[in-house]
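**Student:** Read off the chains here:
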Amino acid sequence: MSLQQMFFMYFAIAMTGLSLLIVTRKNPVHSVLMMLLLFVHIAGLYLFLNAEFMAAIQIIVYAGAIMVLFLFVIMLLNLRSEETVAKYQKQWPVSVGIGVVLAASLVIILSKITVIPQLGEYSIEAIQAEGSLMTVGKVLYTQYLLPFEIASIILLVAIIGAVVLAKKRIQ
Amino acid sequence: MVPLNWYIMLSAVMFSIGVFGFLARRNLIVMFISLELMLNSVNISLIAFSHYLQSMNGQILVFFVIVVAAAEAAIGLAILIAYYKNNPTIKVDEINLLKG
Amino acid sequence: MIYTLIPLLPFLSFIIIILLGRNFIRDKAHFIAIPAVATSFLLAISAFMEVSNGKVINIDVYSWIVSGDFNVSFGFLIDQLTAIMLLVVTSIGTLIFIYSVGYMHGDSGYYRFFAYLSLFIFSMLILVMGNNFLMMYFGWEAVGLCSYFLIGFWFHKKSAGDAGKKAFIVNRFGDFGFGLGVILIFLTFGSLEFTQVFGQAGILAGQTINFLGTEVDLATMICLLLFCGAVGKSAQIPLHVWLPDAMEGPTPVSALIHAATMVTAGVFMVARCNPLFIMSPVAMNTVAIVGGVTAILAATIALVQNDIKRVIAYSTVSQLGYMFLALGVGAFSAGIFHLYTHAYFKALLFLASGSVIHALHDEQDMRNMGGLKKYMPTTYKVFVIATLSITGIPFLSGFFSKDEILWKAYQHGDLGKFLWFLGTVAALLTAFYSWRLIYMTFHGKFRGTPEQEKHLHESPPIITVPLWCLAIGAIFAGYVGIPPIFVEHGDKIGEFLAPVLGHSEGHGTHAEEYFVIFASIFVALAGWFVAHIMYVKKTDLPQKLGTMFAPVHKLLYNKYWIDELYSKTLIQPMLKASEKVILGFFDKIVIEGIVNGVPAVIASFSQGIRKVQTGLLSNYGLVMALGALCFVGYLIFMG
Chain A
6 MSLQQMFFMY
16 FAIAMTGLSL
26 LIVTRKNPVH
36 SVLMMLLLFV
46 HIAGLYLFLN
56 AEFMAAIQII
66 VYAGAIMVLF
76 LFVIMLLNLR
86 SEETVAKYQK
96 QWPVSVGIGV
106 VLAASLVIIL
116 SKITVIPQLG
126 EYSIEAIQAE
136 GSLMTVGKVL
146 YTQYLLPFEI
156 ASIILLVAII
166 GAVVLAKKRI
176 Q
Chain B
5 MVPLNWYIML
15 SAVMFSIGVF
25 GFLARRNLIV
35 MFISLELMLN
45 SVNISLIAFS
55 HYLQSMNGQI
65 LVFFVIVVAA
75 AEAAIGLAIL
85 IAYYKNNPTI
95 KVDEINLLKG
Chain C
3 MIYTLIPLLP
13 FLSFIIIILL
23 GRNFIRDKAH
33 FIAIPAVATS
43 FLLAISAFME
53 VSNGKVINID
63 VYSWIVSGDF
73 NVSFGFLIDQ
83 LTAIMLLVVT
93 SIGTLIFIYS
103 VGYMHGDSGY
113 YRFFAYLSLF
123 IFSMLILVMG
133 NNFLMMYFGW
143 EAVGLCSYFL
153 IGFWFHKKSA
163 GDAGKKAFIV
173 NRFGDFGFGL
183 GVILIFLTFG
193 SLEFTQVFGQ
203 AGILAGQTIN
213 FLGTEVDLAT
223 MICLLLFCGA
233 VGKSAQIPLH
243 VWLPDAMEGP
253 TPVSALIHAA
263 TMVTAGVFMV
273 ARCNPLFIMS
283 PVAMNTVAIV
293 GGVTAILAAT
303 IALVQNDIKR
313 VIAYSTVSQL
323 GYMFLALGVG
333 AFSAGIFHLY
343 THAYFKALLF
353 LASGSVIHAL
363 HDEQDMRNMG
373 GLKKYMPTTY
383 KVFVIATLSI
393 TGIPFLSGFF
403 SKDEILWKAY
413 QHGDLGKFLW
423 FLGTVAALLT
433 AFYSWRLIYM
443 TFHGKFRGTP
453 EQEKHLHESP
463 PIITVPLWCL
473 AIGAIFAGYV
483 GIPPIFVEHG
493 DKIGEFLAPV
503 LGHSEGHGTH
513 AEEYFVIFAS
523 IFVALAGWFV
533 AHIMYVKKTD
543 LPQKLGTMFA
553 PVHKLLYNKY
563 WIDELYSKTL
573 IQPMLKASEK
583 VILGFFDKIV
593 IEGIVNGVPA
603 VIASFSQGIR
613 KVQTGLLSNY
623 GLVMALGALC
633 FVGYLIFMG
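Chains as they are written, first to last, in the working numbering: chain A, 6 to 176; chain B, 5 to 104; chain C, 3 to 641.
None of these hints come from the bench; they were simulated from the model.
Keep in mind that this is a model prediction, so the values were computed, not measured.
Don't be surprised by glycine CBs; every beta carbon is placed ideally from N, CA and C.
You may find that some hints are simply not true.
27 angstroms max Cα-Cα, derived DSSO-like pairs, lysine-lysine [unchecked claim]:
hint	chain 1	residue 1	chain 2	residue 2
1	A	K31	B	K89
2	B	K89	A	K92
3	B	K95	A	K95
4	C	K383	C	K447
5	C	K613	B	K95
6	C	K613	B	K103
7	B	K95	A	K143
8	B	K95	A	K92
9	B	K103	A	K92
10	B	K95	A	K172
11	C	K613	A	K95
12	A	K31	B	K95
13	B	K89	A	K172
14	B	K95	A	K173
Here are a few chain B residues that face chain A, going by a calculated C-beta distance under 10 angstroms [stated by the list, open to error]:
hint	residue
15	V6
16	P7
17	S15
18	F26
19	R30
20	F36
21	N44
22	Y56
23	I70
24	A82
25	I83
26	L101
Working from the sequences, and respecting the hints, build out all of it.
**Tutor:** Structure (structure tokens):
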């Protein structure tokens, strides 16, 4: 087992464990905190995969913005009473079954798959020559310009929607 | 060298855990978190493909997934708050307005 | 084509006011409506000028309906007849719009009123300008609709709503006939264009059509069906019952729609179709007799009514009868001439009575009026002018047109003599009830409450100025049709209309004509004299006469019990039948059976499977995950 593989094994085990913790904590605040830890690991994995820009976004947007939003909402709702009742629904055994079967079958399929790489132009050297950010930016602002603009509209809609939904009804 | 399959299998496991969390938990917020977990597991596989196929498309797709996830989280939580104002519970098995 | 704007401008005004009226325009609606109709008036004058130079405008704006052989275009025909109608409609329309600014001031539905009036003007212009029967029919129905809107304008009053419905339903009888007539015309001529239909009117001669097993003359059939529509719209016996009730609407509406323009649509239509009517002596005689009988019956009813607007309404019915009398004896231009003069003095009568009603705060009963002469001098003056005109006092407009009709009737053989007699008696009655109206309203002592007396006032200029304009019309409008016996080529309107309506032939000596003229002057003065005696000199006389001839008085006061007759013979049986058959059987058993049965079946079916919908998010998610799992399984084992 090479060093890289050992690193990967650490990440894999840590991430699986964190994921399990996330879905099993009774207090949602704990879940969110575990999630933050998971995001750091994911960002590490991205660095591993030569995607520095994505790693940065993972930390900034996901950990910095979205998870904080979750924390705010949890604080806002102030759910003391939720902690005293059962945290799982009645259907939890079935869910466990589904989760296990799904994981098992996916792992079985995926272990059988071999990717015959038809390699693109963005080899590690090519990316390193220009820098990860520059490469992503070039693709994003040329080939994917229209989806990019549409994404901005989606965000705008989300902003307006969130404001409209969350504001007080004016009588 | 880490084989691509490893990444994909990690992603699959995390995804299954997310599915379990979504199906089994009663707390709506934790269900949301499970959703984010599933999205992230998919992101991992996309980035891995991007790396191994030496293509940029995977990373771009992740970028858009993050955009949509942000929008989804904002709207979802806003709906949650709006719902909570009218009906102060986030126990998902008590929300059955659509009952036939 | 600039003349397309004539109907279009009021329509635009309607659109703007009805869309923006409630929120933005409100009490400024007249700033849009009046310029629109006034511009139409100017354009109408221009069109009239063009037509009087001998040019007939006939244009198709666009193809409206094309379906196999059926080909109708949206087109306008402006000939001599239309030009006169355009002038009447737009000039009186403009004056009444201005009047309404004062009259409707402060009404909560102010913008709605102007919107409907604009729509009415548009519909009426389409009616008179259309170059085919379908356009005319469209305008015909649209004015009926506007009439319905405007009669029921104060819909919160039950009587107004009922009157609107009555007008609409009674008109339906006539319009049904008119519609059938139009269809029959299409079947016969294969076209609805006026020029084509009238051009080949000759082919009607001798043709018959099978109607309920008997062969009927085709021309008679068509003309009687068309006349059916005219009877409804122009309130002739037996469909006259709606018009007096229509007085529930605001007074400007009564003046514009139920006196000057819409109700004359029947006259216009018959005159327009004169090439068809000429083919059928039977239809012509029917028109003349219905007209004559209506003229006299309506006049007798008007003798004893006490509601100021109802008297004028019956007077309108009676005058419309005159017009049909003229058309029936073949004097089409005389009928149109009377239509034209009548529009002015009758609109004037209505608007002046509106001024009175306004001053008395919606009091319409003449028994509670009296002595208004000194409070409302202007209104009194124009009222007297209009009355002089309608009663046919020489050298006012009513004299010329009425005299023309009576003279043309007199020339028309034995039937004509009889009709002339009817007409002259009706003129006597007209003079009597018109002066009775004036004496009861303006002379004597005020009989209303002291509260009303304190508030008595002359109407503001926005009301009196249109009155004076109409008064000028009531005096001078007739000078376009001076009988040739007085002035050579005096009958300008008859000559102007001759290309469309033809010359009515008649043979009579000058002595006979003088006799007719003096007879009508004599009856006009006699009616005045009798009214003067009964309502100024011996004011107890009407009471005595009323008790002396109690049955007659009762008969007239109750309008020959025609409403009651219709109620007994038509409405009540219909109501009973619909209650038993439609409500009792069809609605209760058939409709409700279907309506309740179908959902019951569906409900019992869905009752079982609706439990599947738990409404729980997680359950749905679970099913979705199971589906995904199946998909994965399929990939593993089948793929």
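**Student:** Each hint should be assessed against the structure and marked as holding or not.
**Tutor:** Now the hints, each set against the structure:
1. A:K31 - B:K89: 23 angstroms, holds
2. B:K89 - A:K92: Judged against 27 angstroms, a Cα distance of about 22 angstroms means the pair holds.
3. B:K95 - A:K95: 12 angstroms, holds
4. C:K383 - C:K447: Within the cut-off at roughly 18 angstroms; holds.
5. C:K613 - B:K95: 21 angstroms, holds
6. C:K613 - B:K103: Holds, at about 8 angstroms.
7. B:K95 - A:K143: Violated, because 46 angstroms separates the two Cα atoms, which is more than 27 angstroms.
8. B:K95 - A:K92: Given pair B:K95, A:K92 holds - Cα atoms ~9 angstroms apart, limit 27 angstroms.
9. B:K103 - A:K92: Given pair B:K103, A:K92 holds - Cα atoms ~22 angstroms apart, limit 27 angstroms.
10. B:K95 - A:K172: 22 angstroms, holds
11. C:K613 - A:K95: This hinted pair holds, its Cα atoms lying about 18 angstroms apart.
12. A:K31 - B:K95: 13 angstroms, holds
13. B:K89 - A:K172: Given pair B:K89, A:K172 holds - Cα atoms ~11 angstroms apart, limit 27 angstroms.
14. B:K95 - A:K173: 23 angstroms, holds
15. V6: 5 angstroms, holds
16. P7: 9 angstroms, holds
17. S15: At about 9 angstroms, which falls below the 10 angstroms cut-off, the nearest Cβ of chain A leaves the hint on B:S15 intact, so it holds.
18. F26: With a minimum Cβ separation of about 8 angstroms from chain A (threshold 10 angstroms), the hint on B:F26 holds.
19. R30: 5 angstroms, holds
20. F36: Constraint on B:F36 satisfied, holds at 7 angstroms.
21. N44: 6 angstroms, holds
22. Y56: 6 angstroms, holds
23. I70: At 6 angstroms from the nearest chain A Cβ, B:I70 passes the 10 angstroms test, so the hint holds.
24. A82: Result: holds, 4 angstroms to nearest chain A Cβ.
25. I83: 6 angstroms, holds
26. L101: Interface hint status for B:L101: violated (17 angstroms vs cutoff 10 angstroms).
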